[in-house]
Amino acid sequence: AGVLRNHAVPYIQGRWTLFLDCDDSMEPSAWVGATKAAEAYAGVDLAFVKYERLVEDGRGVWRGEHMFASDMHAWQRVVESTSFAGARMAALQLINYPWTRLVRTEFLLKHYVHFGLNAVHNDVLFHWLSLAHARGVLSLDEVGVRHRYHHASTQLTRRESMRTVTVFDDLRLVHRRLCATADWKVVKPLFGIFSRNLLAWIASKFAVHKEWRAKSAALARCVQEDDCLACVEVDAGSQRERRAYPRTRS
Numbered sequence: 001a002g003v004l005r006n007h008a009v010p011y012i013q014g015r016w017t018l019f020l021d022c023d024d025s026m027e028p029s030a031w032v033g034a035t036k037a038a039e040a041y042a043g044v045d046l047a048f049v050k051y052e053r054l055v056e057d058g059r060g061v062w063r064g065e066h067m068f069a070s071d072m073h074a075w076q077r078v079v080e081s082t083s084f085a086g087a088r089m090a091a092l093q094l095i096n097y098p099w100t101r102l103v104r105t106e107f108l109l110k111h112y113v114h115f116g117l118n119a120v121h122n123d124v125l126f127h128w129l130s131l132a133h134a135r136g137v138l139s140l141d142e143v144g145v146r147h148r149y150h151h152a153s154t155q156l157t158r159r160e161s162m163r164t165v166t167v168f169d170d171l172r173l174v175h176r177r178l179c180a181t182a183d184w185k186v187v188k189p190l191f192g193i194f195s196r197n198l199l200a201w202i203a204s205k206f207a208v209h210k211e212w213r214a215k216s217a218a219l220a221r222c223v224q225e226d227d228c229l230a231c232v233e234v235d236a237g238s239q240r241e242r243r244a245y246p247r248t249r250s
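Residue numbers for the sequence shown follow my numbering, so the first one is 1 and each next one is one higher.
Hints should not be assumed to be uniformly reliable.
[Stated by the list, open to error] Each computed DSS-like pair below joins lysine-lysine, with the alpha-carbon atoms no more than 25 Å apart: (1) K110 - K188; (2) K36 - K110; (3) K185 - K110.
[What the hints assert, rightly or not] Pair by pair, the computed Cβ-Cβ distance ranges are: (4) A40 - R148: 25 to 35 Å; (5) R213 - R135: 36 to 46 Å; (6) P10 - G43: 19 to 29 Å; (7) L4 - R148: 18 to 28 Å; (8) H7 - W184: 38 to 48 Å; (9) M72 - R135: 45 to 55 Å; (10) A69 - A37: 36 to 46 Å; (11) A42 - R213: 43 to 53 Å; (12) A217 - M26: 39 to 49 Å; (13) R221 - A40: 38 to 48 Å.
Keep in mind that the hints were calculated from the coordinates and are not lab data.
The beta carbon of each residue, even a glycine, is placed where N, CA and C say it ideally should be.
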């Protein structure tokens, strides 16, 4: 999905862009409200809405559930923020779902906010780049999307395979891009927590090997020591095609 989205970005014509997955359903009124709110304030680049989960029990029965608990806490901080800067810092602590935010298309192109090239976790890069460069962030306390959370391992992010190791590619790239931003010192603790939590979640789901733990430790050292150039190199365990990012329109 990340590669296809990157190739589609130069052709976007609208003022605002929303990326959805095939297992998402929209609540149009919430997105209309988010768009109007964003247009009303100068300098807004991102507008967030809440999500709900539709959870399948393995027998084809779906039930609605709230946001994950960690997101509920982070979301409360987002909506209670009294400044764009406060909302941005709070939003950094949300799970890296791309379909919870409306992005100003001009901003998307100007700062080359894009997705990773890997099959899984490619939205990690998008999450951090969009918030690292955003001038203004606001929120609409309404449900804008319902995400289907499938049973067992039917979704890529829940399958055990060597693809999960490629998450280091995106974390390493995010780290190097963040190091170049003016407020790296401010977001550094949040990125460290995010990286540890994501890797711990993966390790809790899959039987990770010794190499994985070594790479996790190396990445943690890079973040802690601000070693952006010598950050851990990643070998995904297989030969993968390296596609060049598409050039954006002028």
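Hint check results:
1. A C-alpha spacing of about 23 Å is found between K110 and K188, which places the hinted pair at or below 25 Å, so the restraint holds.
2. Our distance criterion of 25 Å between C-alpha atoms is met by K36 and K110, whose separation comes to about 22 Å.
3. A hinted pair counts as satisfied when its Cα atoms are at most 25 Å apart, and K185 with K110 qualifies at roughly 23 Å.
4. Restraint check, A40 to R148: a C-beta distance of roughly 32 Å satisfies the suggested window 25 to 35 Å.
5. Checking the proposed 36 to 46 Å range against R213 and R135 shows it holds: the Cβ atoms sit about 39 Å from each other.
6. Look at P10 against G43: about 24 Å separates their beta carbons, and that is inside 19 to 29 Å.
7. Remark: the range hint 18 to 28 Å for L4 to R148 is upheld by a beta-carbon distance near 20 Å.
8. Roughly 29 Å separates the CB atoms of H7 and W184, a value that falls outside the hinted 38 to 48 Å.
9. Roughly 26 Å separates the CB atoms of M72 and R135, a value that falls outside the hinted 45 to 55 Å.
10. For A69 and A37, the Cβ-Cβ distance of about 26 Å falls outside the hinted range of 36 to 46 Å, so the restraint is violated.
11. At about 47 Å, the beta-carbon gap between A42 and R213 stays in the expected band of 43 to 53 Å.
12. Separated by about 41 Å at the C-beta atoms, A217 and M26 satisfy the suggested range of 39 to 49 Å.
13. For R221 and A40, the hinted distance range of 38 to 48 Å is satisfied, since their beta carbons lie about 45 Å from each other.
Consistency note: the structure conflicts with the earlier hints numbered 8, 9 and 10.
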